[in-house]
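Position 127, counted from 1, in the sequence shown is what the working numbering calls 127; the numbers after and before it change by one each time, with no gaps.
Since the hints were made in silico from the structure, they are not lab data.
Possibly wrong hints are sitting among the right ones.
[Unchecked claim] 20 angstroms max Cα-Cα, derived EDC-like pairs, lysine to aspartate or glutamate:
(1) Lys-124 - Asp-183
(2) Lys-182 - Glu-128
(3) Lys-214 - Asp-137
(4) Lys-124 - Glu-171
(5) Lys-109 - Glu-131
(6) Lys-109 - Glu-128
(7) Lys-182 - Glu-45
(8) Lys-124 - Asp-106
(9) Lys-109 - Asp-122
(10) Lys-182 - Asp-122
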Amino acid sequence: MPQLPAPAYPADVLARLEADAKEVIARYPGSRSALLPLLHLVQSEEGYVSRTGMAFCADQLGLTTAEVTAVATFYTMYRRRPSGDYQVGVCTNTLCAVMGGDAIFDRLKEHLGVGNDETTDDGKVTLEHIECNAACDFAPVVMVNWEFFDNQTPESATRLVDDLIAGRTVEPTRGAPLCTYKDTARILAGFPDPRPGAVEASGGAGAASLIGLKLARGEGGPQTRVVGPRGEAPADEPQKGAEHLSSHDAPQKTSASDPEHPAGPAAEEGE
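Using the sequences provided together with the hints, build the complete structure.
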């Protein structure tokens, strides 16, 4: 059945969003380039991108609602239905899954009584499995409103969601202090984070992310260099204790060097 036109925002909300949209659009030489931050802006108003929000973006940018819908449905960061104050995402890509991400996700589904992309009855938590967030060295990783909670277990993740629902203060492992999903959306729209110290707290890479870089630079001591500096010829004699730091650079037997296992034609299936 054809849908009725999307309802308009109340007059006061519309005036406020129009002022914010004007500021966002002014940042770009072409107005349609402002579509992504405008979608975050309307998401900060309702907690998701509604039909009203998409119509607003279309009106502000001179686009059709079909063009806006195509973008809003492509990116998973834009919610298409009401969601909770806290978006709890469990990474279930390969490494996190192997390290316990699948077990965490199953535990939270049972504990919260919701499935993937569903929200608790109190409107506090929306649970979903998410794709890789480039934090494999902290696996398994849980994210809340895009802030990192590293090295989680089913037990710690359960305590985390219980604290969120109870309104207790929760501190991410890295990054800025936690705020609601609507507040996060406004920040992603390009507006300053007004909370004291929030920007300074964002920090950088964690220690686990930097270990490989330090090893490559030889900063862990003379026996920890994995690769030589660019342009430097390899030493004639390897340092004692540094041989074959990885099995990948150790001599491997092949059919040519191992007479006991010569290469031969592949056997037929069943032989």
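Hint-by-hint comparison with the structure:
1. Lys-124 - Asp-183: Holds, because 14 angstroms separates the two Cα atoms, which is no more than 20 angstroms.
2. Lys-182 - Glu-128: Holds, because 17 angstroms separates the two Cα atoms, which is no more than 20 angstroms.
3. Lys-214 - Asp-137: holds (15 angstroms)
4. Lys-124 - Glu-171: holds (17 angstroms)
5. Lys-109 - Glu-131: holds (17 angstroms)
6. Lys-109 - Glu-128: Answer holds: Lys-109 to Glu-128 is near 9 angstroms, not above 20 angstroms.
7. Lys-182 - Glu-45: Satisfied, since the Cα-Cα distance of roughly 7 angstroms is no more than 20 angstroms.
8. Lys-124 - Asp-106: holds (19 angstroms)
9. Lys-109 - Asp-122: holds (15 angstroms)
10. Lys-182 - Asp-122: holds (16 angstroms)
Comparing the model with each earlier hint shows no violations; every hint is respected.
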